[in-house]
Amino acid sequence: MKVLKLIPERCTGCLRCELACSYMQTGVFQPSKSVIRVSPFEGHTSYAPYTCTQCAEGWCMTACPVGAITINAAGAKDVLDDKCVGCKLCTVACPYGTMFYDGSTRKAFKCNLCGGDPACAHACPTAAIEYVDTDTVDWIGDFAAQRFDTVLAMEGAR
Amino acid sequence: MTTATLTPRPKTKVEPTMPGAYAGKLLRVDLTKRKCWAEPWSPADMRDWIGGAGLGAMILYRETARGKGNVSWDHPDNRLVLATGPLAGLPVWGTGALTVVTIGAMTNGPTSTQANGFFGANLKYSGYDAIVIQGQSRDWVYLYINDDQVELRNAKSLLGKDTWETQDALNRDVGMGGHHLSVYAIGPAGENLVRFAAIHGDYGHVASKNGCGAVMGKKKLKAVAIVRGTQALRANDPRGVVQAADDVAHDLKTDPSAKSLYEWGTLPGVANLGKMGVLPIKNYTTNVPYDDLTKWEAPKLRQGFDHRGHQCNACGMHHCHMAVVQSGRYKGVMVDEPEYEGWSGAGWTLGATDKEGVAWLNTQIDRACVDVNEFGWLCGWVMEGVEKGWITPKQLGFDLKWGDIQGANRLLQMVNRREGFGDLLAEGVKLAAEKLGGAARDSAIYTMQGASPRGHDHRGRWDEMLDTCTGSTGTLESGVPVHVAELGLPTRINPFNGVEVATQVVGIRGRRHFEDSIGICIFTGRTRLENLCRAIEAATGHTYTVKDAMRMGQRTAAVFRAVRLRCGIGVDREKPSTRYGSTPHDGPAKGQAVSAQWEKMVDTWYAGVGYDRKSGKPLPATLKALGLDWLAKDLWGSKA
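Heads up: the sequence lines are chains A and B, in that order. Here our numbering is used: the first residue of the first sequence is 1, the next is one more, and so on. Here our numbering is used: the first residue of the second sequence is 1001, the next is one more, and so on.
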């Protein structure tokens, strides 16, 4: 299955992926509605994008009491708006923090791989997000640990 | 088949509708009354003035008049406009930009100076196109914006902090990091009303010109902090915006005028301008590089640092970097990679050879927060003065020799705090040099308007000298001569032919104000104007041709000119200082005397832009051709 491969070392923190995602998902440029989020590390000197890994376990699907999360044609877990009752159980169940709740629509929302043509991968100017056929893994765990160690070392050096 | 006949449309007045991509509101802040309120602005003004520099110029014109003159930079009625444009917050590269417009402290006239990062985008997502600040606070405050939550908060705990420390502290207070909070702040220099204080934001971006930081300091506004808002920007044709963004990116990655910027930022300027006699060396005492220029080529300037990309909103230009020094005295220190202007202002102008030291000093300048160009002219001038004896170590309090980075920082901190001799130096090189007089005055680099030239040796780059001297914003005003064929101009000129140079400056006049009005960075603006026009059209729904874009910029220039004249800055001050306008005695531009052609250049410029050579006013016919009949009436009365 093709998934979003995240390569944090390449990310420069421009947040263009968030813009592209929000446009694809909502039709307007509104990064707060993006389902890919860029997080800062080491204060303000390195960044990494993060979104749903489309994990095999599918915790969100398991937790949903009304069967509103399904698997779409691209293989992504997707929220069916007409079934979602906005109970937020999926946001609690997701161990990666990539299920979101929209207070204005009262629905959950998440990455659906744009139906098989993810806008974020197109938008990233440094190829930190690729859409490739590979096993999905925790893309930023090692990066985050290493950057956190750097911060601890710097704190220690002070 | 029938042929339809066209019937005339009924003559009803159609109210303009709100264009796309605008937030639609200005945030007004009165620091005297401690009030903040949102104010809608009209679709007609959006069409005419777009945003940024255009909007700011009109606000200055409408709101800073006082009798027949203008309020001064330190008057409570001076406006500090932090404005962005319709492209801010959209996926076009480099669209986090803001333009600062105010009556600046260096010239005591209008200024328009641009910076980047995320401020413009965050402001738009919060629901505002610009912040217009008036009045003066009694106590130090900072402005906090989180969507509809707008507060003036006590800034006492931030006093004395440099710009990075201020942003760190606000990140901690608000509990945010990364680009979720954009902070533009002044450092100790702005607090102490150093005349060339700047406003710095998002770790490494500076609105640096004409003492806008001193204006913010006078208002006792330490910082503006904006949470990345939650509101949506609705483009007129969002798909068109994405397509225009792709075209802009393609131009920037492949066109020779921008490709090296894409690959290396502004770093190649050091070696390239050095070969042309345009690198400012030791306060213009020579035009010959004192160090092997191959050591200063772009890849070499990145050696010795651990580099991390540090981009502005939605930008793939990857020309901004944070860097950690890997060895030597500054090992482990985080610095903002100097732009070309940093390598020149904190390096070559001071005779420095220690690259890590220059990078470190450049960051100290950003953190204390003064204009790196003006600091270079000031510190280089002091170094020359100490060498030649018209400034003594006793006066200064210490000895300062060419290339002394630690000494330069000591001078910077004296200026910041206005300590000892630093109090005079804090007035900027023009006022300090005029006070000392004699050889000191004749060795200083400034324009007679009081503005700081950019970090070049303009004796080898006459177009920028002419633009800096004749402009109305205390810095370069006309534009960058890229894609000039689009404007019907020759692609090559003789840089030492005054008439050709002035004709080119006239021909590109308008480009910069247009760029600074739409909310895009000066570097990503180096695409063809046609691309920017298509982006604006897709974003707003307003049609813009290249001609419209240039016309809009020229209208803005005319309004700035009117404000400048109201501020009492006349034609007599449109010239370089003795040293700035001197003839290089060595190096690639040896013997090229700008002074010999100056009057002819200025005459050509005036005839080209259609301004009155004697009064400096745009001529009535020029104003009417620009659709500024009201301004013609204001400036010329019954003669209009």
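Keep in mind that the hints are not guaranteed to be accurate.
Below are the DSS-like pairs computed for lysine-lysine, each with C-alpha atoms no more than 30 Å apart in a straight line [what the hints assert, rightly or not]:
1. B:Lys1401 with B:Lys1331
2. B:Lys1590 with B:Lys1575
3. B:Lys1547 with B:Lys1435
4. A:Lys33 with B:Lys1633
5. B:Lys1435 with B:Lys1394
6. B:Lys1388 with A:Lys2
7. A:Lys5 with B:Lys1253
8. A:Lys5 with B:Lys1259
9. B:Lys1388 with B:Lys1435
10. B:Lys1575 with B:Lys1617
11. A:Lys2 with A:Lys88
12. B:Lys1547 with B:Lys1401
Beyond 10 Å from chain A on every Cβ pair, some chain B residues (computed) [as the list claims (entries may be wrong)]:
13. Ala1044
14. Leu1090
15. Arg1234
16. Thr1285
17. His1310
18. Gln1311
19. Asn1313
20. Met1322
21. Met1334
22. Gly1437
Hint data in this document are derived by calculation from the structure and do not stem from the laboratory. Just so you know, even glycine gets a beta-carbon here, dropped at the ideal spot from N, CA and C.
Structure-based check of each hint:
| no. | hint | result |
| --- | --- | --- |
| 1 | B:Lys1401 with B:Lys1331 | 24 Å, holds |
| 2 | B:Lys1590 with B:Lys1575 | 21 Å, holds |
| 3 | B:Lys1547 with B:Lys1435 | 46 Å, violated |
| 4 | A:Lys33 with B:Lys1633 | 49 Å, violated |
| 5 | B:Lys1435 with B:Lys1394 | 18 Å, holds |
| 6 | B:Lys1388 with A:Lys2 | 70 Å, violated |
| 7 | A:Lys5 with B:Lys1253 | 24 Å, holds |
| 8 | A:Lys5 with B:Lys1259 | 28 Å, holds |
| 9 | B:Lys1388 with B:Lys1435 | 18 Å, holds |
| 10 | B:Lys1575 with B:Lys1617 | 17 Å, holds |
| 11 | A:Lys2 with A:Lys88 | 27 Å, holds |
| 12 | B:Lys1547 with B:Lys1401 | 51 Å, violated |
| 13 | Ala1044 | 24 Å, holds |
| 14 | Leu1090 | 6 Å, violated |
| 15 | Arg1234 | 5 Å, violated |
| 16 | Thr1285 | 38 Å, holds |
| 17 | His1310 | 7 Å, violated |
| 18 | Gln1311 | 4 Å, violated |
| 19 | Asn1313 | 6 Å, violated |
| 20 | Met1322 | 5 Å, violated |
| 21 | Met1334 | 7 Å, violated |
| 22 | Gly1437 | 46 Å, holds |
The structure is inconsistent with the numbered hints 3, 4, 6, 12, 14, 15, 17, 18, 19, 20, 21, although it conforms to all the rest.
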